[in-house]
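Sequences listed follow chains A and B, in order. Counting along the first sequence from 1, when you hit position 120 you're at 120 in the numbering used here, and nothing is skipped either side. Counting along the second sequence from 1, when you hit position 70 you're at 70 in the numbering used here, and nothing is skipped either side.
Fair warning: there could be bad hints in the mix.
[What the hints assert, rightly or not] A few chain B residues facing chain A, derived, Cβ under 8 angstroms:
#1 Ala37
#2 Ile169
#3 Thr203
#4 Arg204
In short, the hints are calculated from the structure, not lab data. Every value quoted in this text rests on a predicted model; they were computed, and no experiment measured them. Ideal Cβ positions, reconstructed from N, Cα and C, are used throughout, including at glycine.
There are 2 protein chains.
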Amino acid sequence: MRTIQLTDRQKKIIDIVKREQPITSEAIAEKLSLTRATLRPDLAILTMSGILDARPKVGYFYSGKTALNFFSDQIKNIKVSDIKSVPVIVDEETTVYDAIVTLFLEDVGTIFVVSDGLLTGVVSRKDFIKSAIGGVEINKVPVGVIMTRMPNIVVVESHESILTAAEKIIEHEVDSLPVVEKCEDNGKMGYKVVGRISKTNITRVFVDLAHND
Amino acid sequence: MRTIQLTDRQKKIIDIVKREQPITSEAIAEKLSLTRATLRPDLAILTMSGILDARPKVGYFYSGKTALNFFSDQIKNIKVSDIKSVPVIVDEETTVYDAIVTLFLEDVGTIFVVSDGLLTGVVSRKDFIKSAIGGVEINKVPVGVIMTRMPNIVVVESHESILTAAEKIIEHEVDSLPVVEKCEDNGKMGYKVVGRISKTNITRVFVDLAHND
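Extracted from the complex, chain A is given alone in its bound form (with noise of 0.2 angstroms):
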């Protein structure tokens, strides 16, 4: 797993920044008994790749950065705005049926709950199987009843960066995060729900930069 292979010479180059930071291109030149025109193509790919930073009059520096991290950069600037999903939301007095309903029709994994417009709780499609073969009254009981629960709801707002969307994914097992902004209704502080994001929109982010969408 990488994104350039660096040659042994501009290994000895981080490493010599590494360890002597700020360097001028002259001293590099000088411990690799090599010319500064040689250095030149090295050096150039070195602080284009963001692997060394380049200050005028002072020298170079290490950076702290690898290769690979590259992937880290980009989508660190790809935020959840970019590729959230439209929310499926009811609100907390539907019948469990009625949301399941609402979950085949809008073909979603997870639907959230509010209650006078604010995040209240999450229902998953493993919440609904619990129920169904758990003798719920799916018919009768509110959804409100199986949810999950705020505060014990996992969500991203809209600025955050999808690597932070999908960390959040990973390091909660949840299949989605509602999209959410902070708002306060009569005083009451809570979270309106915008968006939503899925393990299926991170696994499409995955495709479309292997594709270079």
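Please build the complex by placing chain B on the supplied structure of chain A, with the hints as guidance.
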């Protein structure tokens, strides 16, 4: 979305090579009214990054790559076998109820169904919800009745890249794929299930790559 920011001069070089390939560095230098020495760092960057191919005594070719494709190269080298999970498998005669219990015990989204050791179907959480609310006698009916049956199952093999797996997941709108090995059993061709690749695996790779693991 990009990895390396190319300079204007590098973009000009790419344009020249696209138009006139194969072309020597002398010829490129002449077109830009620059010396070969001046161009050397740019050509080094463009060939190291794989955007140009250099063939000795012939000249430079355009590879068709853009900087972003580093990511593509990288993930093409990760195989399904590198990240696959253990598959959860039940026999076709298992009742729907027992299959649901297995789903919860193993905490997976999809169960693979076999008969005589060969893959015959796939059951997802959606299938289970449908059965549970659709009046199926889940304690009696075997999972074989409600599953999606071969040949309508999208599979992947261990040697394929995770990009291929992610593409299949997105294209066919499924949550996971059985990782299979072709095999022959008493003259009957079929698939043995050797693993599982889900959107969770892809999301985890996404996070790991960003953290440079």
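Against the structure, the hints come out as follows:
1. A distance limit of 8 angstroms between C-beta atoms decides the matter here; for Ala37/B the minimum to chain A is near 7 angstroms, and the interface restraint holds.
2. For Ile169/B, the suggested interface contact is upheld, since its CB lies about 6 angstroms from the closest CB of chain A, less than 8 angstroms.
3. Interface hint status for Thr203/B: upheld, as the beta-carbon distance to the closest one in chain A is roughly 5 angstroms, under 8 angstroms.
4. Contact between Arg204/B and chain A, as hinted, is supported at the beta carbon level, the nearest pair being about 6 angstroms apart and thus within 8 angstroms.
Going down the numbered hints, you'll see the structure goes against none, and every one checks out.
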